[in-house]
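Chain order of the listed sequences is A and B. Using our numbering, you'd call the opening residue of the first sequence number 1 and step up by one each time. Using our numbering, you'd call the opening residue of the second sequence number 305 and step up by one each time.
In short, the hints are calculated from the structure, not lab data. A hint or two may mislead.
Said to hold, decoys possible - Label-pair distances were calculated between CB atoms; the ranges are:
id, chain 1, residue 1, chain 2, residue 2, range
1, B, Asn341, A, Leu31, 23 to 31 Å
2, B, Glu318, A, Leu19, 44 to 52 Å
3, A, Ala28, B, Asp356, 26 to 34 Å
4, B, Asp354, A, Gly71, 42 to 50 Å
5, A, Gly71, B, Val313, 38 to 46 Å
6, B, Ser330, A, Met1, 41 to 49 Å
7, B, Ser321, A, Ala28, 40 to 48 Å
8, A, Ala253, B, Lys324, 27 to 35 Å
9, A, Gly86, B, Asn341, 42 to 50 Å
10, A, Ala266, B, Thr343, 42 to 50 Å
11, B, Glu318, A, Asn261, 45 to 53 Å
12, A, Met172, B, Thr343, 36 to 44 Å
13, A, Met1, B, Glu312, 37 to 45 Å
To be verified - If you want the footprint, here are the derived chain A segments under chain B, 3+ residues with CB under 8 Å:
id, stretch
14, 4-14
15, 118-130
16, 204-213
17, 279-287
Think of the CB as a built atom: it goes at the ideal place given N, C-alpha and C, for glycine as much as any other residue.
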Amino acid sequence: MKCRICRAKAIISLPQHNLALCAEHFDAWMLKRVTKAIEEFGMFSKEDKILVAVSGGKDSLALWDILLRLGYDSSGLYINLGIKEGDYSDESERLTTAFANRANAKLYVVNIEQLHGMSIPDKAYAKKRKTCSLCGVTKRYYMNKIARDMGFDVIATGHNLDDQAAALLGNMLFWKMDYLAKGAPYSPPMKAGEFAKAKPMVYCTEKEDTVYCLLRGIAYIERECPYSKGATSLRWKRALFEMEESSPGAKQAFYFGYVKNIDLFAGKDEKEDVPPLTCRVCGTPSWNEVCSFCSTWDLHVDEI
Amino acid sequence: MKVRYRGEVFEFNEPMSVNKLLKKFSLTRGEAVVVRNGTITTEDELLLPDDDVRIINTVSGG
Numbered sequence: 001m002k003c004r005i006c007r008a009k010a011i012i013s014l015p016q017h018n019l020a021l022c023a024e025h026f027d028a029w030m031l032k033r034v035t036k037a038i039e040e041f042g043m044f045s046k047e048d049k050i051l052v053a054v055s056g057g058k059d060s061l062a063l064w065d066i067l068l069r070l071g072y073d074s075s076g077l078y079i080n081l082g083i084k085e086g087d088y089s090d091e092s093e094r095l096t097t098a099f100a101n102r103a104n105a106k107l108y109v110v111n112i113e114q115l116h117g118m119s120i121p122d123k124a125y126a127k128k129r130k131t132c133s134l135c136g137v138t139k140r141y142y143m144n145k146i147a148r149d150m151g152f153d154v155i156a157t158g159h160n161l162d163d164q165a166a167a168l169l170g171n172m173l174f175w176k177m178d179y180l181a182k183g184a185p186y187s188p189p190m191k192a193g194e195f196a197k198a199k200p201m202v203y204c205t206e207k208e209d210t211v212y213c214l215l216r217g218i219a220y221i222e223r224e225c226p227y228s229k230g231a232t233s234l235r236w237k238r239a240l241f242e243m244e245e246s247s248p249g250a251k252q253a254f255y256f257g258y259v260k261n262i263d264l265f266a267g268k269d270e271k272e273d274v275p276p277l278t279c280r281v282c283g284t285p286s287w288n289e290v291c292s293f294c295s296t297w298d299l300h301v302d303e304i
Numbered sequence: 305m306k307v308r309y310r311g312e313v314f315e316f317n318e319p320m321s322v323n324k325l326l327k328k329f330s331l332t333r334g335e336a337v338v339v340r341n342g343t344i345t346t347e348d349e350l351l352l353p354d355d356d357v358r359i360i361n362t363v364s365g366g
């Protein structure tokens, strides 16, 4: 297979775009795809300070690498959740730190076990809750906290087209209207003091991010999170991969067709968009007197 | 050919396309990147019995 642009040997076939590219032109194409997402959805400018939530995985590291190459002022945030199985959290932290050192970029590290005396899995066990639910609440809290404390303008995550399409499929299957109203690649701040959330990799697939990291020599954690086994998102992804195999381009049409028509879901969710209260422990917007983070970690005013 | 996938090593003696190899592991093209003798390769590439092949799963979860 030959590169559509220069006829050199192609390293990736992109049937959804009727395209095959060599290493050089694929690299250029990836930068263009991320630029397209940033500009089309008005995500941020070169004047903004961007906090990139990095997990040590291929998508977030590819994102950070691309933002740095495009000249965006971006720093990374790694949250060590204390997942010991397979040395998952510490290995992810090592890989993220190695990337930041190589790129000469600033990385903030938050260690949950050091801050709270317990890892996420241990706290989940103590609370008799699923690990993933604590993970989401905790990561969101620290992303907003670091962004606020360090003066960032926007939080960027490495969610890719496969992630977004799988989430959309799950939300549509079960008609989760509140989520369907909020699945765009860019969310402006909910209220003063909150942060815009951007997903600049939304035009890129899992495979493209993988190839990008391989070509750039970016080492990332290849193993999945040990707690993701059986996750529904993986089932939806599998279904979409099968569909895409016989109908290239269907995934992109599915997700971006939804984005184009997202207004159909506006105002359909039963919850208000903006939490009406302020947490009496940490002062962040909350649906209850004590926010879900402080409640999860059993925090009191004097601990914040 | 020696094929490494998810920490295991598999041996195949017959030539086959990357596409056919992926089907043996029930993988779609979007779920895997195949590296042949150190070079990323496309699905139409013919793999030979003395090749060293690595299949990298692209799917992340969690």
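We went through each hint and held it up to the structure:
no.: 1; hint: B:Asn341 with A:Leu31: 23 to 31 Å; in the structure: holds, 28 Å
no.: 2; hint: B:Glu318 with A:Leu19: 44 to 52 Å; in the structure: violated, 31 Å
no.: 3; hint: A:Ala28 with B:Asp356: 26 to 34 Å; in the structure: holds, 29 Å
no.: 4; hint: B:Asp354 with A:Gly71: 42 to 50 Å; in the structure: holds, 45 Å
no.: 5; hint: A:Gly71 with B:Val313: 38 to 46 Å; in the structure: holds, 43 Å
no.: 6; hint: B:Ser330 with A:Met1: 41 to 49 Å; in the structure: violated, 23 Å
no.: 7; hint: B:Ser321 with A:Ala28: 40 to 48 Å; in the structure: violated, 28 Å
no.: 8; hint: A:Ala253 with B:Lys324: 27 to 35 Å; in the structure: holds, 28 Å
no.: 9; hint: A:Gly86 with B:Asn341: 42 to 50 Å; in the structure: violated, 29 Å
no.: 10; hint: A:Ala266 with B:Thr343: 42 to 50 Å; in the structure: holds, 48 Å
no.: 11; hint: B:Glu318 with A:Asn261: 45 to 53 Å; in the structure: holds, 49 Å
no.: 12; hint: A:Met172 with B:Thr343: 36 to 44 Å; in the structure: holds, 40 Å
no.: 13; hint: A:Met1 with B:Glu312: 37 to 45 Å; in the structure: violated, 28 Å
no.: 14; hint: 4-14; in the structure: holds (count 4)
no.: 15; hint: 118-130; in the structure: violated (count 0)
no.: 16; hint: 204-213; in the structure: holds (count 6)
no.: 17; hint: 279-287; in the structure: violated (count 0)
The earlier numbered hints that this structure contradicts are 2, 6, 7, 9, 13, 15, 17.
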